[in-house]
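J.: Chain by chain, the residues:
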Amino acid sequence: MIRFDDLSLAIHGTPILRGVTLEIPAGRIVGLVGESGSGKSMTALSLMGLLPDGAETAGAACLDAENLLQATEARMCGIRGNEIGMIFQEPMTALNPVQTIGDQVAETLLIHNAAGRAEARAIARDRLDRVGLSHIGMDRFPHELSGGQRQRVCIAAAIALHPRLLIADEPTTALDVTTQAQILDLLKGIVAEENMALLLITHDLAVVSGMADAVAVMKDGEIVEQGPTAEVLTARRHPYTRALFEASSHAPDRDGRDPQAPVLEVENVLRLYPGPRKGFTRGDPVRAVDGVSFALRRGESLGLVGESGCGKSTLTRAVLGLDPVQGGRIALNGGAVDVHMPKARRAAIQVVFQDPYGSFNPRWRVDRIVAEPFHLFETRPPDWRAQVAAMLEAVGLSASDMEKYPHEFSGGQRQRIAIARALVTKPDVLVLDEAVSALDVRVRAQILDLLADLQGRFHLSYLFISHDLTVVRAITDRVMVMRAGKIVEEGATDAVFNAPSHPYTRALLEAAPVLEVAS
Amino acid sequence: MPRAFLIGAVPTALFLLAALLSLAWTPHDVEALQISARLLPPGGDYLLGTDQFGRDLLSMLMVGARTSIAVALVAVGIGMGLGVPLGLAAAATRGSLLDEIIMRGNDLIFAFPSLVIAILITAVFGPSAVNAILAIGIFNIPVFARVARGGALSLWTLDYVRAARVAGKGSVRISAEHILPNIANLLIVQATIQFSLGILAEAALSYVGLGAQPPTPSWGRMLAEAQTMIYTAPRLALLPGLAIVAMVLGLNLMGDGLRDMLDPRLRRVRA
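Just so you know, the sequences run in chain order A and B.
Under numbering that gives the first Met the number 0, think of the first position of the first sequence as 0, with each following residue one higher.
Under numbering that gives the first Met the number 0, think of the first position of the second sequence as 0, with each following residue one higher.
Isolated chain A, as found in the complex:
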């Protein structure tokens, strides 16, 4: 039995957690849900004794009768990995790249003197088999595995000593939907089999709704509501739970438009990458985009869905005229799109990227950032500052924000700045490359509303690229499903989501976690 009892935490005097009380019984999955910065991860780290310097705690985090907040570091070393295992969000960085996966799983056993070297390897093999990696050798290195396989290795290492509690901190956020479904299934199976407790930390209500027995909703360091999952998600007593819930399934109001003439045409586009080096020659080229055709009509929202590595980013770069194509034709308003297209044509297609933190030069002020696309005009318009101010106001910021630096803004506000930058040249087509994927649900809902609003005001056509099916469904008229460089299915969004015809589309839809909307 794991229990947080009135746990409070302050780091360098700043309060992080207040009065967190939560129980995690054996054999149960408890979901801890909240937005970024709500204190979910800190709750878990306080149990592990891995809090950053300057942390002061009050209350208790108990494993049975022992308060772990009081335990010595030596005692905690005995508990970590032995009694409590943990897996992290990013399987790419959670494994040591220069150690084989077998060694990394066996390491837990060796550190805790649970087994001799040979025996530890045998147990490691067994654990790897258990997480579904029986076809993968112990001597493989992390870089040889896919993201999902790496996360399985992390799980194998975490459960090597049959811990009583497994903490999973956003374990599937960095994974594709089909992989996510498999990992969640695996975790569920292990919990049942080992009678282990699982603390599932996530921002995604849909993941919790399908997994957890009980759920706690966290806001600003406090648990605002907790109880059995079905009850919390149906009753939604606390306004914050309700807000989260509504934002998760938010669909902005969009007025239906009649299909018009195509503004962006893509015909049979082929994008090849040089094949792997073989001595002084190279192997067959990789067909990243393999004969893709589609048309984006004026005023339309077109979704492009696919898992990582399917070629959607490569296609995006080709459509933006950043990379050359090896075959086919891309036309924007009838003119060819390529690396050397005239600036005026480039001004008609702009883009918003995923990462609200990497999207701006940290040394530039907002006015300079938003005005950058004016480079596409012959001369910068004399009233450029007024135009920038107007655009900032159009995306819900104020003109005075021009004087600030990007680090002074939150993730959602930064995404608004990115949209302002993309719209400042009054483009016809806006490419949204996972533009809302990194945002918290409530902020995401606001940005989706903003996008729907801007589309009407500026007569925009959207090419909406995302791996998130819920979002695509909410904002697009038509959708394309991409796999291995090819479009496997295309059609009206509702039709594709309600009656998918391609097996891959069906697999994607089945894998996506669904938030049961009980009224």
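Simulated from the structure, these hints should not be mistaken for laboratory data.
Accuracy of the hints is not assured; some may be wrong.
[Said to hold, decoys possible] Using 25 angstroms as the maximum straight-line C-alpha spacing, the simulated DMTMM-like pairs for lysine to aspartate or glutamate come out as follows:
#, chain 1, residue 1, chain 2, residue 2
1, B, Lys168, A, Asp427
2, B, Lys168, A, Glu377
3, B, Lys168, A, Asp382
4, A, Lys403, B, Asp158
5, B, Lys168, A, Glu433
Assemble chain B onto chain A, guided by the hints.
T.: Leaving out everything else, chain B in the frame of chain A:
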């Protein structure tokens, strides 16, 4: 401000001031030989004493600082001026033939022992401070090219660089506006390190007689000339030796401190 930076700044500032002062004034003329005043002990008219030719040691150290700093500064300037643009160009065209040519050219320079090349250059063009600068400068080029390319490569994958490309900006403009300001901290830290290495290299070249030519004083040649006097007047060798050590140590500490100041990740770790 990190302590390392402050501690390092003291000797560096001291030598810089001495070098600047020597442009206008030195206690004694460093080119005038005065055999009657040879090997005077410290004190009196000569604060640090005189050498075997009766020249004032303090004045020679001051002018020597000027020589060392000037040679190292110009050499770092050559290295940055040529290396950084090359590195930026290599990063902008990563994977291309140009990138290969630049980086393999760098490897080629790296593969030569620098002192041997310096000897070669001075053997062909004759020994002088200018040729020492050239020799040291050439070996700074690949260092800066690599640092610039490495820093720039990771920036080229960032979204704001892609956004600049969507805004129609070319590689040169992006390198100047977005890449260079964001790798400046790396380059500044590297520059302080190369500067101290330049001081050492100048001293080494002068020591073997390939640097500044007499009568221009230089720390390396003062060491070489003091060699025969090591038992009679050890301070003749000790003082320029200590000057070199203090200068190099100061610059390295400053580089360390600068890195702590300019790299926010390290700053957080050490806080």
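J.: Against each hint, give a clear statement of whether it holds in the structure.
T.: Against the structure, the hints come out as follows:
Between B/Lys168 and A/Asp427, the direct Cα distance comes to roughly 20 angstroms. Compliance with the 25 angstroms bound is thereby established for this hinted pair. Restraint check for B/Lys168 and A/Glu377: the C-alpha separation of about 13 angstroms stays at or below 25 angstroms, so the hint holds. Taking the CA atoms of B/Lys168 and A/Asp382, the gap is about 21 angstroms. The hint holds against a cut of 25 angstroms. Pair hint A/Lys403 plus B/Asp158 holds up; C-alpha atoms about 20 angstroms apart against a cutoff of 25 angstroms.
Taken as a hint, the B/Lys168 and A/Glu433 pair is honoured in the structure, with Cα atoms around 23 angstroms apart against an allowance of 25 angstroms.
In this structure, every one of the numbered hints holds.
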